[in-house]
Amino acid sequence: MTEQSLKNNFLVAMPSLRDPNFSQTVVYVLGHDQQGARGVVINRPTGLALSEVLKKTGIRAKEGVEIPDAVYIGGPVQTERGCVLHERARAYMLSEQVTDGLVFTISKDVLEDIAQGRGPAKRLFFLGYAGWEPGQLEAELVAGDWITVGADPAVIFDVPPQQRYEAALKLLGLDMQALQFSSGKAGHA
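Residue numbers for the sequence shown follow the working numbering, so the first one is 4 and each next one is one higher.
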């Protein structure tokens, strides 16, 4: 286990990472400690709308409330469960503060607020999450599967999903072409 937590960092997949769950992804790390690491993939929309998920769960949107949010594949773990990464808002039943400004919520009350038009304005809804056993992520970093960089909420919420991979690389001062021609050894930023 490394001494430094990667919480509130991006894991940017190296081109050599061929795992279909993580190829060309950006993972936002929600937690990283002696028990392992967990995060959500922020650049894999499913094509499913959050409004459809709300209907399936029996949550009705207030008349006039538009919910155009995409549903994202958060990772391969518990893909039947939903969760929301959002800006700090009112307290929800099952929330974890990741940073002063970012919160991760797994309770239905955040979805009820969204449906009523009073939920957090900046948010991403995920099905599933990414998880690593103790030492697993560290081994993947040593193997050169990932590059790490401090997370920027603007990349999460303000950049279109198809541009988040390159936006995360730019935080490192890299572009996709430079990464593809690298020696394959990953580093930490």
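In case anyone wonders, no lab produced these hints; they're calculated from the structure. All C-beta atoms in this analysis are idealised placements derived from N, C-alpha and C, irrespective of residue type, glycine included. Warning: the hint list may mix true and false statements.
Only pairs whose alpha carbons sit at most 27 angstroms apart, straight line, appear in this in silico DSSO-like list of lysine-lysine [unchecked claim]:
1. Lys59 / Lys173
2. Lys58 / Lys111
3. Lys125 / Lys58
4. Lys125 / Lys111
5. Lys10 / Lys59
6. Lys173 / Lys65
7. Lys10 / Lys65
8. Lys59 / Lys111
9. Lys65 / Lys125
10. Lys58 / Lys173
11. Lys111 / Lys173
Per label pair, the in silico range of CB-to-CB distance [as the list claims (entries may be wrong)]:
12. Asp178 / Gly147: 32 to 38 angstroms
13. Glu69 / Ala94: 22 to 28 angstroms
14. Asp178 / Glu83: 35 to 41 angstroms
15. Glu115 / Asp155: 26 to 32 angstroms
16. Pro164 / Met96: 26 to 32 angstroms
17. Ser19 / Glu66: 20 to 26 angstroms
18. Thr60 / Asp178: 39 to 45 angstroms
19. Asp112 / Gln81: 16 to 22 angstroms
Which earlier hints turn out false for this structure, listed by number in ascending order? The structure conflicts with hints 1, 5, 6, 7, 10, 11, 12, 17, although it agrees with all the remaining ones.
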